[in-house]
Each structure stands twice: as C-alpha cells, then as structure tokens.
Amino acid sequence: MQAVDHLIRQRLHSDVALVSQVAEYIVASGGKRLRPMIVLLSARALGYTGEHHRELAAVIEFIHTATLLHDDVVDESALRRGRDTANALFGNAASVLVGDFLYSRAFQMMVGCGSMRVMETLADATNVIAEGEVLQLMNIGNVDLDEAGYVRVIQYKTAKLFEAAARLGAILTDADATTEDRLARYGMHLGTAFQIIDDVLDYSGKQDEIGKSLGDDLAEGKATLPLIYAMRNGSPEQADAVRQALTQADRSRLPQVLAAVHATGALDYARDIAQREAGLAQELIADLPDSDDRRALEVLAELAVARNS
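Using the UniProt record's numbering, you'd call the opening residue of the sequence shown number 1 and step up by one each time.
One or more hints might be untrue.
Unchecked claim - Quick list of simulated restraints, FRET-style, between CB atoms: (1) GLY91 / GLU147: 33 to 43 Å; (2) ARG251 / MET116: 38 to 48 Å; (3) ALA286 / GLU147: 22 to 32 Å; (4) ASP181 / ASP290: 14 to 24 Å; (5) TYR25 / PRO289: 37 to 47 Å; (6) SER115 / ASP250: 43 to 53 Å; (7) ASP268 / GLY47: 34 to 44 Å; (8) ASN92 / ASP290: 41 to 51 Å; (9) SER20 / GLU147: 35 to 45 Å.
Keep in mind the hints are simulated off the structure, nothing from the lab. Each residue gets a CB set at the ideal place from its N, CA and C atoms; glycine is no exception.
Please model the entire structure based on the sequences and the hints provided.
Here is the structure:
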C-alpha cells in the first residue's frame, strides 16, 4: 500500500498547478483505501508476482476519487472525512474538472497494462457507476423506493468498483472463468455490505468518527435502507414522519426520523442485511488457496460491517 500511495502521488502530477493542488488535497485527505487494497490482495491470493497490480490499485483509487469529487458537487456536501470538501474549498468548477482529470489519468494508466480485459472491466465499471449516480438522482425524495430498488442503486453506485477491483486480481493472474466470477461476486457482496453500513452510520454514527454531518442522506432526500424499513414497518405516524422528512429533504426533522428508525429496529435490520452480504462474500473465496492474502480478504468483509466510520 505504501508503494501504491507513492505511485498515486507520482501520477497526480500535472503542469497545471490547480489540478495537482485539488487532486493532492482529496487523495491526501485520508480514506480507507479499501478498493486498491482489494486489487492487491486478490492478485496476491492467486499467486501474482508482477507489478501491474500496484498500477491498477492506483487506477481504482483514481476512479474512486473522481467519483467523490463529482458526488460532493452534486450533493452540495461541505464535509468529507472530517475536512472541508474540495468543492467547498476550491469551488464546484475546479472539483468537476479535476474529477475529469483523474478519470482520464486512470485510463492513461490502465493502457500501460496492455490488457483489453483490464480496459473492458474498468470501462464497464465507470459506465455503471455513472448510471448509479443518475439512478440515485432520480430517486431523490422517492418515498416509494423499495429495498430491491435501493440495492440496485448501491450496487451500481458503490459495489461495482469493489467488484471490478476484485476481478482485476483474477484477470492479472489469468485465472479461470469460475475463479474470476467468484472473486467478482465477492467484491459485489463486500461493496454492498460496505454501503449499507455507510447508510446505517448516517443515523447512528458520531460526526467526529464518520467525518461528515449526521443526517446528510436525509438532507439530500436519499431513501436509504433504514428509512425504507422504518416506512414499511413503523406505525402510520412514524412512517408519515419519515416520508415528510424525505420529501422535503429536511434535516431539521432528523430527531423524529431517528425516533422512528430506532423504534422500528431499522438499524439492526440493515446491519443484519450487511452481515449477510459480508458472509456471502466470505463464502465465495473460501475455496481459494489458504494464504495470508485470502484471510485478509475475509477479514475485510468482517471489517466492512463492524466499522464505526
């Protein structure tokens, strides 16, 4: 991961000072680096001994960072990872354009691997992620969004890049189709669990730990799993309180929403779903050769659910 971080900073260089400044700010702002870690671990779990896994880990992080820059502009976010967002600091225009730079730099780097399968996987992932962002936009304030619709959004928007990261390890090692498919599905289930817990923390976390304001999803009108469950299983009064808060994207109604979410057991339900997804992820890699890297992939699935930030 140190080698990947070094590579990231090398490839961030631009002769245009503002590009380097904004990109360095967002990349240096922390983050778990889960997605690049999955590239490294999945490749090593299958016996990879080359260097391309580091390059592709950096590519995955660039794609992820570009989506964050664009997300924060769309969501009008002011805080991420406990720091001002890039758009709050540098403006929307700079954030969008530097996001574009990171996307294009990622594609420059992936060409260096000389693999059409790598390019196909990452091109497909970035396209699906964009579709997921639009799906989420279409569902802002949608109190009729059901659980299946919610899962579709997060699998497009978040889990697809986890899937691509795990698939890349199999592609680099010329793994058979079954192994590639199982690793890809591992990534999809892991990414789904990760995002569900993200959505739980928006109603149960501590602001100084999660690095953003509580109730951000509510303020953006996002019907996440805890709210969907509360509307479906709460009393008419509880369901109505959540619907009104969502429709109006009204953070001031957070206390009523929190009361409904806790009273209905929505957070426990969502955690159980995330735990199930993490368990499915672990099952999919159980047949890989025993190694520290495979065990680390298993632990990542546990951490995705157990985290508090």
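Cross-check of the supplied hints:
1. GLY91 / GLU147: 33 to 43 Å: At roughly 37 Å between Cβ atoms, GLU147 and GLY91 fall inside 33 to 43 Å, so the hint holds.
2. ARG251 / MET116: 38 to 48 Å: Between ARG251 and MET116, where Cβ atoms are some 47 Å apart, the hint holds.
3. ALA286 / GLU147: 22 to 32 Å: Holds: the Cβ-Cβ distance is about 27 Å, inside 22 to 32 Å.
4. ASP181 / ASP290: 14 to 24 Å: holds (21 Å)
5. TYR25 / PRO289: 37 to 47 Å: holds (40 Å)
6. SER115 / ASP250: 43 to 53 Å: Hint holds: Cβ distance 49 Å, inside 43 to 53 Å.
7. ASP268 / GLY47: 34 to 44 Å: The hinted range 34 to 44 Å holds for ASP268 and GLY47, with Cβ atoms some 40 Å apart.
8. ASN92 / ASP290: 41 to 51 Å: Taking Cβ atoms as reference, ASN92 and ASP290 lie about 49 Å apart, which means the hint holds.
9. SER20 / GLU147: 35 to 45 Å: Holds - the Cβ-Cβ distance for SER20 and GLU147, about 43 Å, lies within 35 to 45 Å.
Comparing the model with each numbered hint stated earlier shows that all of them hold.
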